[in-house]
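Take the sequence shown: its letter number 25 is residue 129 in our numbering, and every next letter is one higher.
Fair warning: there could be bad hints in the mix.
[What the hints assert, rightly or not] Capping the alpha-carbon separation at 30 Å, the derived lysine-lysine pairs in BS3-like fashion look like this:
no. : residue 1 : residue 2
1   : K129      : K113
2   : K137      : K178
3   : K180      : K121
4   : K158      : K180
5   : K178      : K148
6   : K186      : K121
7   : K158      : K186
8   : K186      : K137
9   : K129      : K158
10  : K192      : K121
11  : K158      : K121
[Said to hold, decoys possible] What follows is a list of derived Cβ distance ranges for each label pair:
no. : residue 1 : residue 2 : range
12  : K148      : S125      : 31 to 37 Å
13  : N117      : N152      : 31 to 37 Å
14  : D159      : N117      : 28 to 34 Å
15  : Q124      : E151      : 30 to 36 Å
16  : N176      : G140      : 33 to 39 Å
17  : N110      : K178      : 23 to 29 Å
18  : Y187      : C153      : 26 to 32 Å
19  : D156      : Q118      : 21 to 27 Å
Don't read these hints as lab results, they were simulated from the structure.
For glycine and all other residues, C-beta sits at the position ideal for the given N, C-alpha and C.
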Amino acid sequence: MMNHFNYGKYSDNQLIKLAQSGDVKAKGRLFEKYEGFIVNESYKLSENCRTDFKDTFGNLSYLFLCAVDNFNFKGKFNGYVKYYLSLKVRDDIGKRKARMPHVPKGEPFYIRNFNEIIISDEDLEDY
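Model the full structure from these sequences, guided by the hints.
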């Protein structure tokens, strides 16, 4: 039985198991652990694709939480989350180009939130 008071000592896999079973604090600890990575990826995307940083950060935060829920413990989580975020963003870019050919190439794109969940600063405070 794991002691739920000190999440800092848990491995990623332990935190993910707890998060997938509904432990919000474990999911929050994972988010804190990977927040720097999410910020860096958001910054790169906002610079390269001319998206709003806050919107991009919110979208990548949402995708990170989806990656936690979908992780199947094959391989390491840090590699999986990089791959997961990268594929989702590429998929959005590709679909935008395919479905909206009339939009000039230089125009900014947006990252879709398929579940249409509104993510705000208040929502992130729970994590």
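Here is how each hint holds up against the structure:
Using a Cα cut-off of 30 Å, the hinted pair K129 and K113 holds, with the two alpha carbons roughly 13 Å apart. For the given pair, K137 sits about 20 Å from K178 by alpha-carbon distance, which is consistent with the 30 Å threshold. Using a Cα cut-off of 30 Å, the hinted pair K180 and K121 holds, with the two alpha carbons roughly 13 Å apart. The straight-line distance between the Cα atoms of K158 and K180 is roughly 28 Å, inside the 30 Å bound, and the hint therefore holds.
Among the hinted pairs, K178 with K148 is consistent with the structure: their alpha-carbon atoms are about 28 Å apart, no more than 30 Å. With a CA separation close to 19 Å, the supplied pair K186 and K121 stays within the 30 Å bound. Pair hint K158 plus K186 holds up; C-alpha atoms about 19 Å apart against a cutoff of 30 Å. Restraint check: the Cα-Cα separation between K186 and K137 comes to about 14 Å, which is no more than 30 Å; the hinted pair holds.
Taken as a hint, the K129 and K158 pair is honoured in the structure, with Cα atoms around 23 Å apart against an allowance of 30 Å. Of the supplied pair hints, the one linking K192 and K121 holds, its CA atoms being roughly 23 Å apart against a limit of 30 Å. Between the alpha carbons of K158 and K121 the distance comes to roughly 29 Å, so the proposed pair stays at or under 30 Å and holds. Between K148 and S125 the beta carbon distance is about 33 Å. The supplied range of 31 to 37 Å therefore holds.
Checked against the hint of 31 to 37 Å, the C-beta distance between N117 and N152 comes to roughly 32 Å, which is consistent with it. Against the hinted window of 28 to 34 Å, the Cβ-Cβ separation of D159 and N117 comes to about 31 Å, which satisfies the hint. Take Q124 and E151: their Cβ atoms lie about 33 Å apart, and the range 30 to 36 Å holds. For N176 and G140, the hinted distance range of 33 to 39 Å is not satisfied, since their beta carbons lie about 25 Å from each other.
Taking the beta carbon of each, N110 and K178 are about 27 Å apart, inside 23 to 29 Å as hinted. Checking the proposed 26 to 32 Å range against Y187 and C153 shows it is violated: the Cβ atoms sit about 19 Å from each other. Remark: the range hint 21 to 27 Å for D156 to Q118 is contradicted by a beta-carbon distance near 35 Å.
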